[in-house]
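**Student:** Read off the chains here:
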Amino acid sequence: MMKILAVDDDELILELLVESLRASGFSSVQTATSANAAARLISTATEPFDCFLLDVVMPEVDGIALTRWIRKSPLYGAAPIVMITSMAEKAFIDRAFRAGATDYVTKPFDAVEVTTRVQLAARQVQANRAVHDAGMQVQALRAKIDAQHHTPLSEPVALNDVEGLIDFLALQNYLLQLSRGSFLATSVVALRIVDVGNIYARCSPALFRDVLADVAESALGAMSGSQCIMAYTGNGTFAGVVACSDRNDFEDVELMINLTIERLELVDDQQRPLEVRVAMGTPRAIGVMQSGRAAVAKMHRAIEDISWNMPQLATLKTKTKRGAGMLLRALTQAI
Amino acid sequence: MLQSQTIDKKVAEIRPRFLRLLAQRLNRFEEIRDLLETEPNLAPLLEEIGTGAHSIVGLAATLGFPDLGSLAQNVELVVNRVTSAETSTRSTIEFFDSIDDLLGEMALILQA
Numbered sequence: 001m002m003k004i005l006a007v008d009d010d011e012l013i014l015e016l017l018v019e020s021l022r023a024s025g026f027s028s029v030q031t032a033t034s035a036n037a038a039a040r041l042i043s044t045a046t047e048p049f050d051c052f053l054l055d056v057v058m059p060e061v062d063g064i065a066l067t068r069w070i071r072k073s074p075l076y077g078a079a080p081i082v083m084i085t086s087m088a089e090k091a092f093i094d095r096a097f098r099a100g101a102t103d104y105v106t107k108p109f110d111a112v113e114v115t116t117r118v119q120l121a122a123r124q125v126q127a128n129r130a131v132h133d134a135g136m137q138v139q140a141l142r143a144k145i146d147a148q149h150h151t152p153l154s155e156p157v158a159l160n161d162v163e164g165l166i167d168f169l170a171l172q173n174y175l176l177q178l179s180r181g182s183f184l185a186t187s188v189v190a191l192r193i194v195d196v197g198n199i200y201a202r203c204s205p206a207l208f209r210d211v212l213a214d215v216a217e218s219a220l221g222a223m224s225g226s227q228c229i230m231a232y233t234g235n236g237t238f239a240g241v242v243a244c245s246d247r248n249d250f251e252d253v254e255l256m257i258n259l260t261i262e263r264l265e266l267v268d269d270q271q272r273p274l275e276v277r278v279a280m281g282t283p284r285a286i287g288v289m290q291s292g293r294a295a296v297a298k299m300h301r302a303i304e305d306i307s308w309n310m311p312q313l314a315t316l317k318t319k320t321k322r323g324a325g326m327l328l329r330a331l332t333q334a335i
Numbered sequence: 001m002l003q004s005q006t007i008d009k010k011v012a013e014i015r016p017r018f019l020r021l022l023a024q025r026l027n028r029f030e031e032i033r034d035l036l037e038t039e040p041n042l043a044p045l046l047e048e049i050g051t052g053a054h055s056i057v058g059l060a061a062t063l064g065f066p067d068l069g070s071l072a073q074n075v076e077l078v079v080n081r082v083t084s085a086e087t088s089t090r091s092t093i094e095f096f097d098s099i100d101d102l103l104g105e106m107a108l109i110l111q112a
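Top line first, the protein sequences correspond to chains A and B.
The opening residue of the first sequence carries number 1 in UniProt numbering; numbering runs sequentially from there.
The opening residue of the second sequence carries number 1 in UniProt numbering; numbering runs sequentially from there.
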């Protein structure tokens, strides 16, 4: 049975939510009327919660801060968090997904829609549980294996500590939830680490995660002006959604990312220099007439494109060197 | 009992309580509306009316009052815009219009 925690400062909404969920077969629902009360319930729960339904706007501590707090717990790193709010503005949706929400329902909510979202979340929980149950039997062994073996390169490993980097499924949900109006100034973009197989082979699992996190942070930093939200999709590839439709604004982003990474002076497990460079695909404007599904399809095409059009490492190194020189000259002239 | 019947039953149970709260809110909103014309410190009043409108948005349409929900949503958005843009509230005709429209709809529902 799926254990749900619903949090809203309006008791009437909670009553309606609980009744709607119970009518759909979710009988284990607990409620809290504030983020603080929810935090107490979460901290003292003998059995962990499987799914959270959170209001965004609440007095004192809001649902976004609560989401961030929940995500910090290793127990809830992958738990479904569905936000329910009347704030359908893009800025609120962005903040919710950045904090770690996996889905979003806008008020006035339709009881059937909410239960459908929870049913989807339940499937995710069941899948997680199946993996967890199977994993329990070999947990001790797995810890040893994890230290020595990699998860496959193609798997989108979770990188929870990078602000603005979310789960790939959540990124797709985010696109599905955006209004058509928001698409006018929104683009999708993919970037990929060049020669990632070589880097993967030379790094321990922990170090490879660190490299991915460094690349993600560098990319998010370079695109901070475009309110980028990104996800790691596996195979050294990242997908991003940016608030911009003008390709010219992205001209220097690849260079900025690579210069930032270069300054980090990354090394492998034997302390040998790791040549990490990122190739960035051409951003694709979504366009106002598109649906959320079309936007998701566009993102998948961007990912495919970058996989098929990878430049050579040497080419990117030269490009970065030349770009750094041009930047330096421009700076010198400016001074 | 079917899922929709269960939800309809709950909605019918909640509606009178929502209306009682709406009557209390109407009285308070009318006080705030008057204070907004004279009070020098608008921030707490704006916060209160914004929070109240937000609560109405959450349930109004679900309980069968879609117009009330969209008028409350409009107030919430306008309050957010006014507080974040730090514009002069009193000069914002849109702001007072949105509150007046909401107060009118609340009164209409409670009279019915």
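No lab work stands behind these hints, which were simulated from the structure alone.
Don't take every hint at face value.
Pulled from the structure, derived: some chain A residues nowhere near chain B, Cβ distances all over 12 Å [as the list claims (entries may be wrong)]:
# : residue
1 : V18
2 : T106
3 : P108
4 : A111
5 : Q312
6 : K319
Below are the BS3-like pairs computed for lysine-lysine, each with C-alpha atoms no more than 27 Å apart in a straight line [claimed, not checked]:
# : chain 1 : residue 1 : chain 2 : residue 2
7 : A       : K3        : A       : K72
8 : B       : K9        : A       : K3
9 : B       : K9        : A       : K72
Beta carbons are placed, not taken as given, at the ideal position from N, Cα and C, and that holds for glycine.
**Student:** Given the proposed pairing of K9 of chain B with K72 of chain A, does the C-alpha separation stay at or below 27 Å?
**Tutor:** violated, 39 Å
**Student:** Is it true that the CA of K9 of chain B sits at most 27 Å from the CA of K3 of chain A?
**Tutor:** Given that 27 Å is the threshold and the Cα spacing comes to 24 Å, the pair holds.
**Student:** Does the claim that K319 of chain A lies off the interface hold, with its Cβ farther than 12 Å from every Cβ of chain B?
**Tutor:** K319 of chain A clear of chain B: closest Cβ-Cβ about 41 Å, beyond 12 Å.
**Student:** For P108 of chain A, is the shortest CB-to-CB distance to chain B above 12 Å, so the non-interface label stands?
**Tutor:** violated, 3 Å
**Student:** Is the Cβ of T106 of chain A farther than 12 Å from every Cβ of chain B?
**Tutor:** violated, 10 Å
**Student:** Quickly compare the C-alpha distance for K3 of chain A and K72 of chain A to 27 Å and report which way the hint goes.
**Tutor:** Roughly 19 Å between the alpha carbons, so the hint for K3 of chain A and K72 of chain A holds.
**Student:** Would the least Cβ to Cβ distance between Q312 of chain A and chain B come out above 12 Å?
**Tutor:** holds, 48 Å
**Student:** Would you assess whether A111 of chain A, listed as outside the interface, keeps its beta-carbon beyond 12 Å of every beta-carbon in chain B?
**Tutor:** violated, 5 Å
**Student:** Please confirm whether V18 of chain A is truly not at the interface, meaning its C-beta sits more than 12 Å away from all C-beta atoms of chain B.
**Tutor:** violated, 9 Å
Checked against the numbered hints given earlier, the structure breaks hints 1, 2, 3, 4, 9 and satisfies all the rest.
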